[in-house]
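First residue of the sequence shown? That's 1 in this note's numbering, and the numbers climb one at a time after it.
Keep in mind that the hints are not guaranteed to be accurate.
Unchecked claim - Below are the DSS-like pairs computed for lysine-lysine, each with C-alpha atoms no more than 27 Å apart in a straight line:
#	residue 1	residue 2
1	LYS241	LYS194
2	LYS22	LYS46
3	LYS252	LYS194
4	LYS46	LYS26
5	LYS194	LYS210
Just so you know, the hints here were simulated from the structure itself, not pulled from any lab data.
Given the structure is predicted, the values throughout are model-derived calculations rather than measurements.
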Amino acid sequence: ENTKPRRAEGSRSRELRRLMIKMLGKKYVPIALHSLGGVQFGLFCKRSILNEIEYVSIADVACGVGNVFHNKGAIGAFVQMKARNELTETNKEEKRQDSIKMLFVNSHMAAHVKNVEARNSDYWRIVSELEALAPPRFLRPIFSNRSLNPDSRGALSGGEHLTNSMDHIFFCGDLNYRIDLPRERTQHLISRMKDILETDDEDPVEAERKIGPLRLELLRNDQLTRTISTGRAFSGFAEGKISFLPTFKFDKGTTE
Numbered sequence: 001e002n003t004k005p006r007r008a009e010g011s012r013s014r015e016l017r018r019l020m021i022k023m024l025g026k027k028y029v030p031i032a033l034h035s036l037g038g039v040q041f042g043l044f045c046k047r048s049i050l051n052e053i054e055y056v057s058i059a060d061v062a063c064g065v066g067n068v069f070h071n072k073g074a075i076g077a078f079v080q081m082k083a084r085n086e087l088t089e090t091n092k093e094e095k096r097q098d099s100i101k102m103l104f105v106n107s108h109m110a111a112h113v114k115n116v117e118a119r120n121s122d123y124w125r126i127v128s129e130l131e132a133l134a135p136p137r138f139l140r141p142i143f144s145n146r147s148l149n150p151d152s153r154g155a156l157s158g159g160e161h162l163t164n165s166m167d168h169i170f171f172c173g174d175l176n177y178r179i180d181l182p183r184e185r186t187q188h189l190i191s192r193m194k195d196i197l198e199t200d201d202e203d204p205v206e207a208e209r210k211i212g213p214l215r216l217e218l219l220r221n222d223q224l225t226r227t228i229s230t231g232r233a234f235s236g237f238a239e240g241k242i243s244f245l246p247t248f249k250f251d252k253g254t255t256e
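Model the full assembly from the supplied sequences, consistent with the hints where possible.
Here's what the structure looks like:
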C-alpha cells in the first residue's frame, strides 16, 4: 500500500483493522483505532472490564521530513480506567485512588545505524507533542509534589510533565535502535547462538551457559539499552528481558 504522507486511510489499513477485530473475537472490544502513514494502532479491551474504562483520547505526532511527513511518527492513546481499591486491614486509612491514567504509544522512529541521536530526538518530540495534546485531566497540577514558589513553574518541560503525570506508559513500535557492532561480528555471534540452540543433544542449562556471554555482548552494544542507561531518552522506562535473537536486518531473499 502507498504510505506516502496523507491522512486518508488506505484499503490495507482497513483490512488490517478488520482482521484484528475478527481474530481477537467477541471477548475483546476495540477502544482506540488509528493510523498515521505506515503506523497502525489498535488498542483492545476485554469486554468483561469494558465498563471500567472511563475515558479514551487519541493523538498523533509526525516525525518525518520537516516534522510534517507521516512516514515517521507516533500514535498515542490516553486511557483513564477505574482504580481497583481493595482495602485490607493494613491500608484502610490510605487515600483511595479514583482512577488510573495510562498512555499507550506506537511509534516508527528514524532509521539507520548512525542516527541514534535522531531517534532520541524523535522520542523527545513525541512525548513533548503528546504532552501538548494531552487532555487536561491526564496532566497533574504543575505544582503537585513541588514547591508552590511561582519560580518553579515550567521546571517540567519537553515531555517530562507528561511522563511524570501518567501511572503507566507503554511505548512500543519500530523504534529502530540497532546494535553498534561491525556486521561481521554481529553475524558471528548470531550464528554461534543458532548453532548451540540447534544442537539436539545440548543440555538446556549448558546451552544457556554458552549462549549467555554471546547474548550479553549483543545487549551491551544495543543502542536502546545504552540510551536508557545514559538517560538520553526513555529515562525511567524498563524493557522486558530479551531472550531472543536479533530480528533485524535480514539479507534480502534469505532467512539470514
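Each hint, compared with the structure:
1. LYS241 - LYS194: holds (19 Å)
2. LYS22 - LYS46: holds (14 Å)
3. LYS252 - LYS194: holds (19 Å)
4. LYS46 - LYS26: holds (9 Å)
5. LYS194 - LYS210: Given pair LYS194, LYS210 holds - Cα atoms ~11 Å apart, limit 27 Å.
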